[in-house]
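Since each chain comes alone in its own frame, lean on the hints to assemble the complex.
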Amino acid sequence: MKRNTLTLLTGGVVLLIFVAMLFGYQVRKTESAVVTTFGKYSSTRSEPGLYFRLPWPIQSVHRFDNRTRNFAKKYEQTTTRDGRILMIEVYLGWRVTDPRIFLERFGGDLDRAESNLEILLRAAQNSVVGQHPLSDFISTNADELKFDDIETEMLAAIKPRAAANSGIEVVLLGIKQIGLPESITTKVFERMKAEREQLVKQFQGEGAAEAIRIRSEADYERDKILAEAERRATVIKGQADAASAAALKTFEQDPELAVFLLKLNALEQSLKERATLILDTKTPPFDLLKGQPELPAKTR
Amino acid sequence: MEATIHRKGLINWWLLGALGAATVAVARYAHSAAGLVGAVFLGLGFLVAAVSYLQMRLEERERLEQMEFDELKKRAGSASLFAEQAVDTFPARRAREQFGRFFVPVFAMVLLLAEGVAVYLLWQHLSNDLPAPPERGTVAMALYGLFALLAFQFGKYSAVLARLQAHRLLRPQASYLLLGALLSLVSALVEVAAWAGYPGVDLVVARLLVVVLGLVALESLLRLVFEIYRPRVKGQAALPLYESRLLGLLSQPGGLITTAAQALDYQFGFKVSETWFYRFLEQALARLVLIQLAVVLVSTMFVVIEPGEQGLLERFGRPAAGQAVLDPGLHLKLPWPISRVYRYQTDRIQSFTIGVAHDEHEDDHDTHGSPAPTASERVMIWSKPHHAKEEFNLLVASRTQDATNRLALEQTVPVNLLAVNIPVQYQVSNLRDFAYQHVNGGELLERLAYGEVTRYLVSVDLDDIMAAGRQQAAEDLRARIQARADEFEIGVTILFVGLHEIHPPVKVAPDFERVIGALQERAATNLFARGYAATNVPVAKGQAARKLNEALAYQTRVTAVAEGAAGRFTNQMAAAQASPEVYRLRTYLDTLSRSIGSSRKYVLVPTNVQDVVTLNLEDKLRPDLLDVPVPVPRN
Chain A
4 MKRNTLTLLT GGVVLLIFVA MLFGYQVRKT ESAVVTTFGK YSSTRSEPGL YFRLPWPIQS
64 VHRFDNRTRN FAKKYEQTTT RDGRILMIEV YLGWRVTDPR IFLERFGGDL DRAESNLEIL
124 LRAAQNSVVG QHPLSDFIST NADELKFDDI ETEMLAAIKP RAAANSGIEV VLLGIKQIGL
184 PESITTKVFE RMKAEREQLV KQFQGEGAAE AIRIRSEADY ERDKILAEAE RRATVIKGQA
244 DAASAAALKT FEQDPELAVF LLKLNALEQS LKERATLILD TKTPPFDLLK GQPELPAKTR
Chain B
106 MEATIHRKGL INWWLLGALG AATVAVARYA HSAAGLVGAV FLGLGFLVAA VSYLQMRLEE
166 RERLEQMEFD ELKKRAGSAS LFAEQAVDTF PARRAREQFG RFFVPVFAMV LLLAEGVAVY
226 LLWQHLSNDL PAPPERGTVA MALYGLFALL AFQFGKYSAV LARLQAHRLL RPQASYLLLG
286 ALLSLVSALV EVAAWAGYPG VDLVVARLLV VVLGLVALES LLRLVFEIYR PRVKGQAALP
346 LYESRLLGLL SQPGGLITTA AQALDYQFGF KVSETWFYRF LEQALARLVL IQLAVVLVST
406 MFVVIEPGEQ GLLERFGRPA AGQAVLDPGL HLKLPWPISR VYRYQTDRIQ SFTIGVAHDE
466 HEDDHDTHGS PAPTASERVM IWSKPHHAKE EFNLLVASRT QDATNRLALE QTVPVNLLAV
526 NIPVQYQVSN LRDFAYQHVN GGELLERLAY GEVTRYLVSV DLDDIMAAGR QQAAEDLRAR
586 IQARADEFEI GVTILFVGLH EIHPPVKVAP DFERVIGALQ ERAATNLFAR GYAATNVPVA
646 KGQAARKLNE ALAYQTRVTA VAEGAAGRFT NQMAAAQASP EVYRLRTYLD TLSRSIGSSR
706 KYVLVPTNVQ DVVTLNLEDK LRPDLLDVPV PVPRN
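For the record, the sequence lines run as chains A and B.
The opening residue of the first sequence carries number 4 in my numbering; numbering runs sequentially from there.
The opening residue of the second sequence carries number 106 in my numbering; numbering runs sequentially from there.
Bound conformation, chain B alone (with noise of 0.2 Å):
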């Protein structure tokens, strides 16, 4: 009996492996995705039906060596002799624990690695697949029939054997082998589907068993985590870590319930299907969900639209007649899927800028926790990016361009570049329009009115949009923006179009400065001119006022002293009459007297006419220090 046993589990082991090789091989034949991965199932269970079956054969020592223990133990008839039982004593029973310990854990992990690598490859291989031509259906269609019946024969028979404590380890094979039975099956019809002029079918069903595979593969997982948590109750066996509990509900008896809960049994290692709680959610369930299922489909019938908002009702898809638009308030409606709202926030100010590249995070950065600007970045000037996103240069016409020398010209770029940001916010007007013209109704406006700024500056001269042209330029900007908005039923408003942020290219913008510079030095220059004229002509009127006056004192003073000399010389006269003589002489010695005063003077006393005198009446150019009069001392 025991050696059916695990001969059975051997011949389950070999089945998996030669219905894994054989469906692959039938699959490349026939070009059957879903016999593919019908084969990688197989495949897996050949590996779990492996251990399962090394984990028999250990058991079975294990029971053999017990039985030998037991049979001595009697033979002897004391207990003493194997009073201690020493850890050689049971070598099976310490292999088949440390195989559980060791071998099946790590196993259990390689299988899932194997599971996730297979869903992967797979899925990768299924989104290159073609639909297969149906040539080889009816080979393949008979083979996997054949498969199908063999797999059902031995997991069927294994199914009902593992339901024995003694053979627990017979499951995983018998699920893997009723899976491939199924799996066979399924192929099998695939291939009468492609047979009857649907091949796509194939390439569905395998993705579909893909995602199978994939549940599986989680299921693993969670298995593997569960495991380290559950508690050890004595005398309970361990399922084994490798066995699937959803591919479990293959060969097992009973529905998905029953299984539940003795997954939650095991997994919590009391019974948890006898609680008060588990029994009143038992009773109740039916009536909790349909209560549930009430007040969800309710609460769908009540909408509330915030302010600032609009929603748009639909009926099974159409515009619900009379009330397609609703406004911000309460509002009653059939019952989802019936009826269903779509919001749009309609009121709100809308924006984007022209001219810089997007980032569609900093906006939100901008609004929401960033630091507040330093001093540097509040000062915007045109040397410096004003943006830390890319700044466009778009092209501006310049007039220059349209002189008379333009053959010389076309040699040339006839074209100025001018660095735009321009904000232009809008808010949505007909929510219909905006809501069903357009996928994107926001980004079309975007790119329309990026193509307006574009036109409009090509056909306007640098220094005019630059001056005073710019109010003028922002206005009919909005206006052709909301010409072309209303052109493609965008349904919205175009509020403002900006232009203060319109200014030379920053590698430029220095130069640009230069000219400014250079007007104020001009008026700079001018003023000091009018410095000096307003110096200079006044000074001058002065000086020929002075001129005047001087003239004006010589007249009085050369006609008062010419007067004074006559009446003097009219008193001379009569002097000069009464001792003609005397009068001359005395007034010829006060005359030298006063005059050669301070003169210096050499007085030759001749006694001897021969004699030749020489004077030296140079000046010292330099005075020496005896020459240096000493001051007169203070009293």
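Looking at chain A on its own, in the form it has when it is part of the complex (with noise of 0.2 Å):
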């Protein structure tokens, strides 16, 4: 009696486990719930809490997140106003407030809703891109920039189209990146590395510039020490010829005595370096080649 008691009371635990979780479901704070009766829409649970229902197959609960939850399309080309080729990403938030249309619309398909909300999205992107120019997408003046208009216009564009029968809210939207297509990225590069180059020259330049002038500086300042240098030395060899010429008057005791010793130093002088005398017997000492002269009459 007493195991018959167990095991029946074992089984009613079981069988009530099983029991609740056959008529029973959780709501939780994230989500909602759409419960179906043999695939026809009976009622929406948007608060958190615990439920009753009717067991599968009868009824079936599909549940939604209910916050938001973000994707970014893919990084496409498009073109401004002013006819610039752009490659954007916008990325975007959304979220489910109708649960039972959006299970309605997509089957509670998540894929399928962002792929629905993708196909708004590059219509809302094309159109507000084509709608601004360049200059509201890049600038140094930061004042220029229009990007949170063109997110606003973005938003208010696809905002409408997807609330419209689908259950569905964009929360926010954001322009993730913006660049170039490849082609013109090459382009861009060239110009970059001619950028560069021209800087290359310019500090080359620079550097010349700067170095000659350097050069120069110092060759003036080494001329003009030169110079001065000069122009003492020669007021200074100018006194001593001044000094020197002091001495000559000695010489105008016996000019010439004087003018006979000048040209002997004036001989010596000349004949120091290679020379080549063709000499005759007049010449003394070589006189004495003709002959020996005759001693005078007393030394005889």
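Derived by calculation from the structure, the hints in this document are not laboratory data.
It should be emphasised that the depicted structure is a prediction, and the values quoted were computed from it without experimental measurement.
Any given hint might turn out to be false.
Below, a sample of chain B positions facing chain A; criterion: calculated Cβ distance under 8 Å [said to hold, decoys possible]:
| id | residue |
| --- | --- |
| 1 | Val-291 |
| 2 | Asn-521 |
| 3 | Leu-553 |
| 4 | Asn-631 |
| 5 | Ala-634 |
| 6 | Tyr-637 |
| 7 | Thr-664 |
| 8 | Ala-667 |
| 9 | Ala-681 |
| 10 | Tyr-693 |
| 11 | Arg-699 |
| 12 | Ile-701 |
| 13 | Val-717 |
Below, in silico cross-link-like pairs of lysine to aspartate or glutamate (EDC-like), each with a Cα-Cα straight-line distance of 20 Å or less [said to hold, decoys possible]:
| id | chain 1 | residue 1 | chain 2 | residue 2 |
| --- | --- | --- | --- | --- |
| 14 | A | Lys-227 | B | Glu-655 |
| 15 | A | Lys-196 | B | Asp-732 |
| 16 | A | Lys-76 | A | Glu-156 |
| 17 | A | Lys-204 | A | Glu-193 |
| 18 | A | Lys-43 | A | Asp-85 |
| 19 | A | Lys-204 | B | Asp-729 |
| 20 | B | Lys-706 | B | Glu-686 |
| 21 | A | Lys-162 | A | Glu-193 |
| 22 | A | Lys-285 | B | Asp-716 |
| 23 | A | Lys-285 | B | Asp-695 |
| 24 | B | Lys-646 | A | Asp-226 |
| 25 | A | Lys-266 | A | Glu-276 |
| 26 | A | Lys-204 | B | Asp-716 |
| 27 | A | Lys-196 | B | Asp-569 |
| 28 | B | Lys-706 | A | Glu-193 |
| 29 | A | Lys-77 | A | Asp-101 |
| 30 | B | Lys-612 | A | Glu-185 |
| 31 | A | Lys-76 | A | Glu-193 |
| 32 | B | Lys-706 | B | Asp-695 |
Glycine is no exception: its CB is placed at the ideal position from the N, C-alpha and C atoms.
Encoded structure:
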């Protein structure tokens, strides 16, 4: 009897768990639930809590996360109002606001809903980007940028379309990145290289100019110093010449002798280097070659 | 009697075939998915019934052969005639054995394959199927009812007969007939539901039946595997390998436990159900299950939040009032499924990098088990990619585009590109916002941050951000990303935004390096020039000093020489006055002898004044060997 009671109790507990699982379901704070009875809509539960249901397959509970989910569209090429080509990637945040309509339109499939949103987003993005020049997207003057306006316009374009009969609300939208297509990127690289080359030449030129300036200043300084030195040396030499001229008065006492001695000095100086002399016997002392001069009678 | 048995088998076989074909026709007529799946079951039953019938015939032939043999044995009155039972003596037995040994396993495998293919094709078919219109449901309902009645009558009758060991081969047929009856009844009910306005039931039931078919296929697979390891007990009749134990529940007396016990006994070859452990388990099972359940439930009442974590406590899906966020430590809660805890690592510093393509597995490789970086990998230079992952180039404004010649620049691309790898670190600061506002807050934060970086770069000049503006830019970006995160209630605090890996794209990085090189070259040229100046000016000063000194020396020399010459002349004058002629001659000859001592001299001694003397005074440009003076030998 006791064993039967225990078995019954165990069975009762297990049955209770199964029954609770079959007849009850919870909705989290982050969820909304749609209950269908044999595929037909029965009710929507948007508040968290414990609810009753008929077991599957009579009733099915379709749960949807009611938090904001986000996705980014593909990085896509488009054109601006001034005909410039731009790559742009936009992200979007959305959430399910009416689970019943969402279930009916998309079968609860989030991927299908995001595919649908991506189509709307592409249309809005191309339309809005086409109304703005490139300077609205890029400028060193931050006041000229119109990112906020562009994002607001895109959001305004997509929001009513997404909300209409799909149970979705687009909560946020933003530009993730902008860029240029590969072909234009190559050209930008070439221009950037040319800019750098210009800077290289500029710096090299500046360096050369500065070097020339410094060298020329140095040359000028050198020449100035040497010229000053030359001037002072010349003055000193002149003074020396003047002082030496005072000694010439001594030679005035016997000018003939002085001239003779100066000639001898000049002769000696001029014959110091290689010289070839052709002399005859009239030149003393070579006159001795003609014969011994006769001694005076007294000597004899 | 025996003829009735295999006639019954034949009738069952044909009936399953006929019911299968009829069900297909009705299912197509009424566009009934459940009916289609039921027809597949009946088709499989038709195959099983055919093999079962063949086996019945073979066993019947064997039984007749044995009877004839026994009869002949009695008539001969001696066993010696049949003492040696040659192989050819029992061809029917041999045929039945060969059938069981080869044909049945092959058929079981074919059946498994057919079940698997059927599951796959039916699931594919049902995923594209739409609920059927209920217009033809009434006819289908009636026909399914008729099929159910027929199949049940024959199936029940066969199931009763199959309880006899000799007629056990009727059991697979009975199982499929009873299954057919059940499926026909379900199909009829599905049509009733469609008629009542619930057409979706058809697809739900059909999918459920496909799942059952999948289970049957799984059981076939397990049966084939277990058959290999099953011990062969002498005298024990083998169950047909193609007979489903799962479907056998329909035709066998007793409940699930009995069938399971029989299956265990059959599989292990001895009475598992009579062991002490089995009996203990049978007695204490209820208590054990109850205790186990209680332990499991009680264990769900304690929750330990680890250091660095926070938990969100929910009661029936609602945040628990007063203790919605649990900090590290031990906490009590109501048992599952009333209260549940969701854990988050809020203290952990999380990070992502802007400007690099994502590779979720790479980070793991970076931190776990990857080899240490080589010397070249530790060096990061602009002209080589820093990451194995793809690096993006972001647009940056160019101040030159704001110059006066804007119209001309419109023809070119007014932007620069910058390779950017910006690490962003953040921490969850408001768990409620982080968990309840966004499905993936981290992903949204990354996109917001990417957008802010883009927005920032398109408004700054390339050279500014590459130079001194970097530190300020990092702080600005951090503040802007934080503002955006707060605006959308992501619940995070941005800790760090690093701009240390911001540099020109790899393709133009060498040109940027050349500019730096040119700057150095300019400085070097400047220094060389300064070196030239530093050398030349002092040298000039030296030269100037030399000139002055030379002049002074000249002055000293000239003055001294003049004074010396004057003094000497005074003395010479005195000598000359003493003997004018001799002094002059002596002075002359002294000077001449000193001066011409080393000169080449030709002295002409003319005897005849008519002679013409010719002298060659040319010098040799290159001296002959004989002209080279011989060195004086050393003593």
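Here is how each hint holds up against the structure:
1. Val-291: violated (12 Å)
2. Asn-521: holds (6 Å)
3. Leu-553: holds (7 Å)
4. Asn-631: The hint holds - Asn-631 of chain B has a Cβ within 8 Å of chain A, the shortest such distance being about 5 Å.
5. Ala-634: holds (4 Å)
6. Tyr-637: OK, holds: Tyr-637 of chain B within 8 Å of chain A, min 5 Å.
7. Thr-664: Constraint on Thr-664 of chain B satisfied, holds at 5 Å.
8. Ala-667: Where the cut-off is 8 Å and the nearest Cβ of chain A is about 3 Å from Ala-667 of chain B, the hint holds.
9. Ala-681: Given a least distance of 5 Å, the restraint on Ala-681 of chain B holds.
10. Tyr-693: Since the shortest Cβ distance to chain A is 6 Å, the answer is holds.
11. Arg-699: At 6 Å from the nearest chain A Cβ, Arg-699 of chain B passes the 8 Å test, so the hint holds.
12. Ile-701: holds (6 Å)
13. Val-717: violated (14 Å)
14. A:Lys-227 with B:Glu-655: Holds. Lys-227 of chain A to Glu-655 of chain B sits at ~18 Å (cutoff 20 Å).
15. A:Lys-196 with B:Asp-732: This hinted pair is violated, its Cα atoms lying about 73 Å apart.
16. A:Lys-76 with A:Glu-156: It holds: about 17 Å lies between the C-alpha atoms, which stays within 20 Å.
17. A:Lys-204 with A:Glu-193: This hinted pair holds, its Cα atoms lying about 16 Å apart.
18. A:Lys-43 with A:Asp-85: violated (53 Å)
19. A:Lys-204 with B:Asp-729: Violated - the C-alpha atoms of Asp-729 of chain B and Lys-204 of chain A are around 62 Å apart, more than 20 Å.
20. B:Lys-706 with B:Glu-686: violated (26 Å)
21. A:Lys-162 with A:Glu-193: violated (42 Å)
22. A:Lys-285 with B:Asp-716: holds (17 Å)
23. A:Lys-285 with B:Asp-695: Given that 20 Å is the threshold and the Cα spacing comes to 18 Å, the pair holds.
24. B:Lys-646 with A:Asp-226: Given that 20 Å is the threshold and the Cα spacing comes to 10 Å, the pair holds.
25. A:Lys-266 with A:Glu-276: Satisfied, since the Cα-Cα distance of roughly 17 Å is no more than 20 Å.
26. A:Lys-204 with B:Asp-716: violated (83 Å)
27. A:Lys-196 with B:Asp-569: holds (18 Å)
28. B:Lys-706 with A:Glu-193: Distance of about 86 Å is beyond 20 Å: violated.
29. A:Lys-77 with A:Asp-101: Cα-Cα ~27 Å, so violated.
30. B:Lys-612 with A:Glu-185: Holds - the C-alpha atoms of Glu-185 of chain A and Lys-612 of chain B are around 13 Å apart, at most 20 Å.
31. A:Lys-76 with A:Glu-193: Given pair Lys-76 of chain A, Glu-193 of chain A is violated - Cα atoms ~30 Å apart, limit 20 Å.
32. B:Lys-706 with B:Asp-695: holds (17 Å)
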